[in-house]
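Peer 1: What follows is the residue order along each chain.
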Amino acid sequence: MQNLSVIIAILGLSAMSYWLGRRRSIAVVGGLRSAAQLHSLPGYYGVLTGLWCAVPALLLLAVWHVVGQHHILDVVMSHLSGDYLTASAGQRRLLMDEVLRLAHGGAALGDVRPDVRAAAQEWIRLDALSRTAGGLVALSVSLIGASVAWSRISPTLRARNGVEWVVKLALVLCSLIAILTTVGIILSVLYEALRFFHLVPIFKFLLGTSWSPQLATRADQVGSSGAFGAVPLFAGTALIALIAMLVAVPIGLLSAIYLSEYADRRVRTVAKPLLELLAGIPTVVYGFFAVLTVGPLLRGVGQALGVAVSAESALAAGLVMGIMIVPFVSSLADDMLTAVPLGLRNGAYALGATKSETIRRVVLPAALPGIVGGVLLAVSRAIGETMIVVMAAGLTAKLTANPLEAVTTVTVQIVSLLVGDSEFDSPKTLSAFALGLVLFFATLVLNIIALRIVRRYSEQYK
Amino acid sequence: MASDTRDVVVDAAKFAVPRATVSAAGDQSAPGAAIDTQTIGQVTVQDPVMTARQVSVHYGAKKAIADVNIDIGRNSVIAFIGPSGCGKSTFLRCLNRMNDTIAAARVSGTITLDGKDIYDRSEDVVQLRARVGMVFQHPNPFPKSIFENIAYGPRIHGLAPTRADLDEIVQTSLRKAGLWDEVKDRLDQPGTGLSGGQQQRLCIARAIAVDPEVILMDEPCSALDPVATARVEDLIDELRQNYAIVIVTHNMQQAARVSQRTAYFHLGNVIEVGSTNQMFTNPRHKLTEDYITGRFG
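Chains A and B are the protein sequences, given in the same order. The first sequence runs contiguously to residue 462 in the numbering used here. The second sequence runs contiguously to residue 297 in the numbering used here.
Bear in mind the hints are in silico, worked out from the structure with no lab data behind them. There is no bait here: all hints are sound.
DMTMM-like, lysine to aspartate or glutamate: derived pairs with alpha carbons at most 25 Å apart:
(1) B:Lys176 x B:Glu233
(2) B:Lys176 x B:Asp234
(3) A:Lys355 x B:Asp117
(4) B:Lys184 x B:Glu238
(5) A:Lys355 x B:Asp124
(6) A:Lys355 x B:Asp211
(7) B:Lys62 x A:Asp264
(8) B:Lys144 x A:Glu261
(9) B:Lys144 x A:Glu357
(10) A:Lys355 x B:Glu123
(11) B:Lys62 x B:Asp100
(12) B:Lys176 x B:Asp188
(13) B:Lys144 x A:Asp335
(14) A:Lys355 x B:Glu148
(15) B:Lys144 x B:Asp167
(16) B:Lys184 x B:Glu148
(17) B:Lys144 x B:Asp181
(18) B:Lys144 x B:Asp185
(19) A:Lys355 x B:Asp100
(20) A:Lys355 x B:Asp120
(21) B:Lys176 x B:Asp211
(22) B:Lys63 x A:Asp264
(23) A:Lys355 x B:Glu213
Covered by chain B, per the in silico footprint, the following chain A stretches (three or more residues, Cβ under 8 Å):
(24) 332-346
(25) 354-361
Stretch by stretch, here's where chain A covers chain B in the computed footprint (C-beta under 8 Å, at least three residues):
(26) 91-103
(27) 127-133
(28) 202-211
Note that the structure is a prediction, hence the values are computed from the model and not measured. All C-beta atoms in this analysis are idealised placements derived from N, C-alpha and C, irrespective of residue type, glycine included.
Just need the whole structure built from these sequences, with the hints factored in.
Peer 2: Written as structure tokens, this is what we have:
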């Protein structure tokens, strides 16, 4: 009996128990007219019965499967000839994989020992047995659960409370999944980063000014000593983020002021979605734009002015990234400006302030904390942005403040370190995790500060 | 809607029947259920600071007030009373052209300040609002320091060339608003940190700081507790020495306490204007009497 068919059968039974439970709850009070005598609405009795039918049975099935598989393998392996018990952990693992592959119908690799073949056949037999038994047990649990719940239905049974408890539990589980995933990602990055810091001291990584992660693959190879000083990467990231913000903050803020204060309704209904359309453009497309349009354009302008601009420059990447971030800044700033209470504007107007005085001296200062929060969120996005810089900023880890040269960023290096075949015990690969960790902390801190500022602002006017 | 009288009468009657008693509408007016929208009482005063003649306001197609005639006297308080939605705040906002900020509002008629039409093309709304200050229903201090709240108006109007002048204006304004002793040691603290009553007096001080001729107050005490209300009312009485004050209020005791003249608004019309004393002891219009004695509103 396959697990899937058992699950479908249980779900079918559960649906049936819903119907039976609902009907019985109406029957015990003598018809739909007197349903008000029930503690809960009839549907709740149905759902409760259905839950009792499905949940314990499905849980049991899952546990049975996991424990069963483990146990079967143990039993089968213990039948192997004596050398298994004395073998090393690695060899045991290999034998186990061999048995399982044979059992699942995989092709034998070379000669197969007869005892291994026998073990695989034994595994198949036991597995089928376990599945059948598990299925039968689960189905009976499901029937028992349903009938117990069905027989307990009475006008005083608090069905709604039970159902709501289960719903609450489900909600908690869902939020736990999101939180645990985050925690899991942090831990895995942290673990690999710590492995890296065993190989390369953390201070050399954080304070070193030379980045060259190429390692010698042969002892006599020249020039690939491997240097993991991440300062050039941090500087490149900061440079590009700074250029991006220099573009995004003025354009975003001023367009938000126009949209929220000056534009009439018709302009606003057209212009705002158009501006927000920028946020919907895939970053790869921005990358094309940077490489094929902005980069050559800057180069041409540079030649005309007699300034050397490299083909991949921090300026091109930063400019395009700034354009990409404009909608974030403008949308948030627009919300903050609109949230400034009408009373404040009226107060300023009533004192004889002009529109621009009101905006500059009252509305903007009142919205400033929120706007700063929005800008910080945009900065953390600029730091984490990958695609544009991969395409437009280059790979040269150069420590420079000149935006016309090619620089590289943390995200670009992570991509280039992990692309292609790589072994997971060399510092080259592991350094990507250390970079990821630094990036994660930087954006985390920025987000926390930004959210605090935004929250403090929203408390100010209730 | 056309602006002729018949429409107004129909409109008024339509709204009046469920709220006012039938007799309230019937006693005073000509046969039929219509209310007499002609203002009775003393509309004019000697040497008014502001006058309103035939002022009507439309919000889009809806007529909010119709043909209001009223004078605002110098160095006195006039109270506008009436049930909700009767147009008293709308009219108040005409007096310093705050209705300009509402796109749908359309004002007709004539309003003068010291004899000059404030809706005239040559009149600058910024200058007007410096001369006709306003205090709102909810205290709305700017999220700046107490000092900056007061200094804002004088700064934008260039009233204080030097820092010493500004300090002087801030201090006098706060003194006049009776707030100086409470805040003199914390002028750099945010104005939003004051209590509700203090915030409202701060807003009054802010209005005084630009040295207006008229101060408009739109239910200035409705968000305050009784103690704070009493302080603001005392303040209004003191301010009368220097300013003309127009106050909109739902609180009839307040109108009786602080004002010298009272105007009763009903469904967009001024029904009766007179001295506060006469209005509260001997109202001439049945609607005024019904409202003042609490039969509706």
